[in-house]
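Chains as they are written, first to last, in the working numbering: chain A, 25 to 336; chain B, 184 to 431; chain C, 5 to 333.
No wet-lab data here; the hints were simulated from the structure. Model, not experiment: these values are computed from the prediction. Hints should not be assumed to be uniformly reliable.
[As the list claims (entries may be wrong)] Below, a list of computed lysine-lysine pairs in the BS3-like style, where the Cα atoms sit at most 27 Å apart:
hint, chain 1, residue 1, chain 2, residue 2
1, C, LYS88, B, LYS261
2, B, LYS200, A, LYS152
3, B, LYS261, C, LYS81
4, A, LYS42, B, LYS426
5, A, LYS39, B, LYS200
6, B, LYS342, C, LYS327
7, B, LYS426, A, LYS156
8, A, LYS179, A, LYS243
9, B, LYS426, A, LYS39
10, C, LYS168, B, LYS264
11, B, LYS200, C, LYS327
12, A, LYS91, B, LYS200
13, B, LYS342, A, LYS39
14, B, LYS422, A, LYS139
15, C, LYS327, B, LYS426
16, A, LYS158, C, LYS327
17, B, LYS422, A, LYS158
18, A, LYS165, C, LYS242
19, A, LYS179, B, LYS277
20, A, LYS41, B, LYS426
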Amino acid sequence: MNSIIRVDKLEKSFKDKKALDGITFNVYEGEILCFLGPNGAGKSTTINILTTALDSDGGDIYFNDRKVIRNNREYKSFLGIVPQDLAIYEEISAERNVAFFAALYGLKGNELKTKVDEALKFVGLLDKKRDKVKTFSGGMKRRLNIACAIAHNPKIIIMDEPTVGIDPQSRNHILNSIKELRKQGATIIYTTHYMEEVEEISTRIIIVDNGKLIAEGTKEELKEKLADEKLFTVEIEDGKSFDCQKLYKIEGTKNVELKEGLLKISVLKGIENLDKIIAMLIGNAVKIKNITSEAESLEMVFLKLTGRTLRD
Amino acid sequence: MYRFMTLVKRDMVNILKNPTLLISNLVITFVLTLILGFLSSGNYGRTGVDSYDYYGITMLIFAVLNVAMTASNSFMEKSLKTSNLRVIFSPIPKSYIYLSKIVATFAFTSVCLLLNTFLFNIVLQVNFGGARILYVIALLLLFDLFSSITGVMFCCIFKSEELSNRILSLVIDIFAILGGIFFQLDGFGDVLRKLTYISPVKWVVEAVFRIIYDNDLSLFIQPLLVLSVLSLVFLGVCKLTFKTEDYV
Amino acid sequence: MSTFINVLRNNYFRMLEKKNYFIIMLVVTVITIMLAVYFTAKLEVKGNVALVSTSQNLKFTSSKYIKISLLDKVPPKSQLIMNKYDAVVIDEGNGKFSIQSIKNKDFSQKILEAVTGNGKLSFRNETKRGAGSNIIGYLIMFIFLQGMMYMTLYSEDKENRAFKRIGTSPVSLTAYLISHCVFDFILSIIPTFTVLVVCKELFKINIGFGYPQYLFLLGILTLISTAFALFMSSIFDKSDNYLMMGQMIAILTTILAGSFYSFENNNSIMKAIINILPQKSYLNLVRGLEQGKTMVNFMPELAYLTVLTVMLFSAGTIICRRKLKHGSC
Chain A
25 MNSIIRVDKL EKSFKDKKAL DGITFNVYEG EILCFLGPNG AGKSTTINIL TTALDSDGGD
85 IYFNDRKVIR NNREYKSFLG IVPQDLAIYE EISAERNVAF FAALYGLKGN ELKTKVDEAL
145 KFVGLLDKKR DKVKTFSGGM KRRLNIACAI AHNPKIIIMD EPTVGIDPQS RNHILNSIKE
205 LRKQGATIIY TTHYMEEVEE ISTRIIIVDN GKLIAEGTKE ELKEKLADEK LFTVEIEDGK
265 SFDCQKLYKI EGTKNVELKE GLLKISVLKG IENLDKIIAM LIGNAVKIKN ITSEAESLEM
325 VFLKLTGRTL RD
Chain B
184 MYRFMTLVKR DMVNILKNPT LLISNLVITF VLTLILGFLS SGNYGRTGVD SYDYYGITML
244 IFAVLNVAMT ASNSFMEKSL KTSNLRVIFS PIPKSYIYLS KIVATFAFTS VCLLLNTFLF
304 NIVLQVNFGG ARILYVIALL LLFDLFSSIT GVMFCCIFKS EELSNRILSL VIDIFAILGG
364 IFFQLDGFGD VLRKLTYISP VKWVVEAVFR IIYDNDLSLF IQPLLVLSVL SLVFLGVCKL
424 TFKTEDYV
Chain C
5 MSTFINVLRN NYFRMLEKKN YFIIMLVVTV ITIMLAVYFT AKLEVKGNVA LVSTSQNLKF
65 TSSKYIKISL LDKVPPKSQL IMNKYDAVVI DEGNGKFSIQ SIKNKDFSQK ILEAVTGNGK
125 LSFRNETKRG AGSNIIGYLI MFIFLQGMMY MTLYSEDKEN RAFKRIGTSP VSLTAYLISH
185 CVFDFILSII PTFTVLVVCK ELFKINIGFG YPQYLFLLGI LTLISTAFAL FMSSIFDKSD
245 NYLMMGQMIA ILTTILAGSF YSFENNNSIM KAIINILPQK SYLNLVRGLE QGKTMVNFMP
305 ELAYLTVLTV MLFSAGTIIC RRKLKHGSC
């Protein structure tokens, strides 16, 4: 696979807070790269530097092995950006919106017209192209927001949480479009909070936290990291007096955490002494209300790596 | 150039689609002149100069002064801001973003200015000094450009239309009163008269009246130069203060 | 009562984020008061006449009403337009004078008579204003602007749909509006009054009225400005439009009412219009009090101002209620 973008040791601070701490990664041609991280992890900062809207304090970005300088117009013309906030004009038609942004990428005349129609067709708004945007539903606006970014056929499409707050139908439409865009040859960088979306569309995942890259790989590879572990979640009552550190005495116990009546115990696979765990709980007069076990979810990977859930 | 014109066109449409801007630029000037002219007509004799001759000129200048608010509105009005700034991701020089707002505002308001001048001359028979009207218009157009740049500069500095307009409207009102837009201040003694010169409006008012009534062009070049230099300086401030990272 | 405190507290937190508005208004208030105090001492309310004569024998002295500047050339006409001179009197020799003025004929004749010593001219019929009247006169416009500025909190509520939430919650709309008004009132009057106190106590500046009088007068003014702001912001749905129209009306009416200088003349239509303006009644009241008259003399003015304030407030409330009912805000 060809690396189309290489990000090398990016640094960025806002006042005293370090937003990026030497983050390094590659974006390969034709992939859907999902960017995962809790709030404030440095996702948006990375994206903003990638678009050259923000300057980094240190480190470089290479596009096709050439260093990208700030506001480089050639580089920018290969990008299509879908900002998190709706950035479309409400007072004019969908068609005019797409045409305006596409024209800024140099499209004109018949080519412009065709591309605008293509983009609108792609997001399923062709039959509404002459309607004013203010008459659109939230999901339609989100789709138009995407159309504005793709009419000029960008090589790389950067999407910053493009599905925030919309209905399931529109979300499905958008997710399918993204897969379709990839088939047509685009490379997609995608940030989101929704684990299900990542499961569905990603070809590779990067997890960032505290401005650092903490893991990368396909979802299978990431789950692999947990291949040797299993997580039991025990819902308990009357457990206040119970010292959960005792559970470490049981063979195979890797990690124990008690929070709000939920006892999370990760154990080594193969040595699942669930019977002993239950016995110890009952022996300590802890009332068990429910037990679930899970293995290999991305959510778990994330939790293990960052110590936080995604929506923390 | 094609990309720049695309931006200008968009900005023009945004202005034209805003009824408040249309009314404030086209209707209010005329109405204000009518009211003030009518109310103060008793002060004037029939010796060739009447209240409309005064307010016709000062209200045009007041309108030009208010162009700054149109400019900041076209740039960062709430419903436009995110979309206007999405443009920073596209492959254009970032200066295009504020320059296009200046050009669009200037183009639109110049047309309004010319329309109003024409209307004043025909309907209210305001004296523009005959053929010297060309000098008057030239000066007002430059002042218009200066106002457009000022409005955009305020947006670049304060990064919000709300704040910049509220500050602008105060500055404009104070300059307008000092400049003698609503009533003449020169009669109130030398101290006050000197004070009024801190308002650039006063220079323009005086220059225009001198051109019209004294056929005196000596004050034509001076404000022309000052306004040009200030316009360039303010453009420089736009360049320095407009940073894309403030809007992502 | 809880609505009341809740809105006030919420507005307070919102204003903390908009400190710059507050600071700007405070600076403007200080400048306005300084200018008013300064002008009370320096401003010349006299007629200005240019006398053009080459003769050395003419002896005209400026009087209480008229300031005569002796020139050897006719000044440019633009100086008449800009009111540097009310009239230019030209000595044509042999005791003959001609006059140039853009003012009406009556006026020119009077000037000519005054200059040639054949008549007395009581120039502007307005007596010089005292420091108190001047300060308040100049403050009128800014109190109005201030009132509108702070009422944008309500206007923004409508714009960002917070208002809809309030409308659908079990609080009284009137209580909500009154709370906004109280906030507006407090934020307008306290800084202004404080600046006056500082002027008097710290800088020993003569501010004309005593504190109770100031509180009373500023109170009336701020009440009208608050009611006006509520009325205007209820009419317009966008805060931008509201501010623009409101400011335009406030500035125009304040100037016409004569808060900076008197627009009065013999035009009867104009007189009638000016007399309707609340700022005019208010100025009469202020001037009268400074001249030592008592409140009893100004019952009609006070009644008019009270009725107008109540009307503006009620109209604002009704419009707001109706808009809420029709779902237009």
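Against the structure, the hints:
For the hint linking C:LYS88 to B:LYS261, the alpha-carbon distance of about 45 Å lies beyond 27 Å, and the restraint is violated. For the proposed pair B:LYS200 and A:LYS152, the alpha carbon gap of about 21 Å is at most 27 Å, so the pair holds. For the suggested pair B:LYS261 and C:LYS81, the alpha carbons sit about 47 Å apart, so the restraint of at most 27 Å is broken. With a CA separation close to 20 Å, the supplied pair A:LYS42 and B:LYS426 stays within the 27 Å bound.
Distance restraint check for A:LYS39 and B:LYS200: the Cα-Cα separation of roughly 40 Å exceeds the 27 Å cut-off, and the hinted pair is therefore not satisfied. With a C-alpha separation of about 32 Å, the suggested pairing of B:LYS342 with C:LYS327 is violated against the 27 Å cut-off. Distance restraint check for B:LYS426 and A:LYS156: the Cα-Cα separation of roughly 31 Å exceeds the 27 Å cut-off, and the hinted pair is therefore not satisfied. Of the pairs offered as hints, the one joining A:LYS179 and A:LYS243 holds, with about 24 Å between alpha carbons and a cut-off of 27 Å not exceeded.
For the suggested pair B:LYS426 and A:LYS39, the alpha carbons sit about 17 Å apart, so the restraint of at most 27 Å is met. The straight-line distance between the Cα atoms of C:LYS168 and B:LYS264 is roughly 24 Å, inside the 27 Å bound, and the hint therefore holds. The suggested pairing of B:LYS200 with C:LYS327 holds, with an alpha-carbon distance near 24 Å, which does not exceed 27 Å. Proximity of A:LYS91 to B:LYS200 is assessed by CA-CA distance (about 42 Å); at most 27 Å being required, the pair is judged violated.
Between the alpha carbons of B:LYS342 and A:LYS39 the distance comes to roughly 19 Å, so the proposed pair stays at or under 27 Å and holds. For the hint linking B:LYS422 to A:LYS139, the alpha-carbon distance of about 33 Å lies beyond 27 Å, and the restraint is violated. For the given pair, C:LYS327 sits about 41 Å from B:LYS426 by alpha-carbon distance, which is inconsistent with the 27 Å threshold. For the suggested pair A:LYS158 and C:LYS327, the alpha carbons sit about 21 Å apart, so the restraint of at most 27 Å is met.
For the hint linking B:LYS422 to A:LYS158, the alpha-carbon distance of about 33 Å lies beyond 27 Å, and the restraint is violated. As the CA atoms of A:LYS165 and C:LYS242 are separated by approximately 23 Å, the hinted pair is consistent with the 27 Å bound. At roughly 22 Å between alpha-carbon atoms, A:LYS179 and B:LYS277 fall within 27 Å of each other, so this suggested pair holds. The straight-line distance between the Cα atoms of A:LYS41 and B:LYS426 is roughly 20 Å, inside the 27 Å bound, and the hint therefore holds.
The structure is inconsistent with the numbered hints 1, 3, 5, 6, 7, 12, 14, 15 and 17, although it conforms to all the rest.
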